[in-house]
Amino acid sequence: GAVVSQHPSRVICKSGTSVKIECRSLDFQATTMFWYRQFPKQSLMLMATSNEGSKATYEQGVEKDKFLINHASLTLSTLTVTSAHPEDSSFYICSVQLLGVGTQYFGPGTRLTVL
Amino acid sequence: AQSVTQLGSHVSVSEGALVLLRCNYSSSVPPYLFWYVQYPNQGLQLLLKYTSAATLVKGINGFEAEFKKSETSFHLTKPSAHMSDAAEYFCAVSEGPIQGAQKLVFGQGTRLTINP
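These protein sequence lines are chains A and B, in that order. Residue numbers are given in this note's numbering: position 21 of the first sequence equals residue 104, and the series is strictly consecutive. Residue numbers are given in this note's numbering: position 41 of the second sequence equals residue 58, and the series is strictly consecutive.
Calculated directly from the structure, the hints in this document are not laboratory data. There may be inaccurate statements among the hints.
[Claimed, not checked] Pairs of lysine to aspartate or glutamate residues, derived as EDC-like cross-links and limited to a Cα-Cα distance of at most 16 Å, are as follows:
id : chain 1 : residue 1 : chain 2 : residue 2
1  : A       : 124       : B       : 83
2  : A       : 147       : A       : 171
3  : B       : 120       : A       : 142
Could you put together the complete structure from these sequences and hints?
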């Protein structure tokens, strides 16, 4: 399987600031990455599909101007939470997909706490 | 549209007992099916996957699952539970062999507790 890293693992910020989360595919080139958020004791909710070299595709109800996604290389996608507020506090997880099989491999997640 | 239903948000078994986590899916196209495990404050780890080959799929840590089209089910089992199996388990479905990115639709998760 693929090895995926995320940085940072935990971040605490003040309300109104922006936070960038990195997702890296360490052992293969990923043309597609996914971003999820997970609230406590809940399932994963897909936020957007990140495509290398093109604009991300956002799920319905996800504000693209608030959650900026950049997939500038085949090994790195970033999620920037702009003007974060306490309701944005959540566990953010990225994944990479091996095309043709459909399997997604997940990063370890980033815990965002907005004060 | 696809959907996944995991019956039982919380399952508790004794160490050494059979583990059975239930998953039913809905899909208008031949699906790919997955089971993932999540330990506290961690990402998801793939346990096993069904991608239209053998209907009985064996995964890591002694888990297996059987794809039953007639029942639209993909239940996860393990003959003998171990304390280290305590975690959150997610069943997920995606469209089968299609071009491009394949989204996963997750069930609500089942928390497995192992009693000593």
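ask   = Given the proposed pairing of residue 120 of chain B with residue 142 of chain A, does the C-alpha separation stay at or below 16 Å?
value = holds, 11 Å
Satisfaction of hint between residue 171 of chain A and residue 147 of chain A, Cα-Cα up to 16 Å = holds, 14 Å
query = Is it true that the CA of residue 124 of chain A sits at most 16 Å from the CA of residue 83 of chain B?
reply = Given that 16 Å is the threshold and the Cα spacing comes to 27 Å, the pair is violated.
In the structure shown, a violation is registered for the earlier hint numbered 1 alone.
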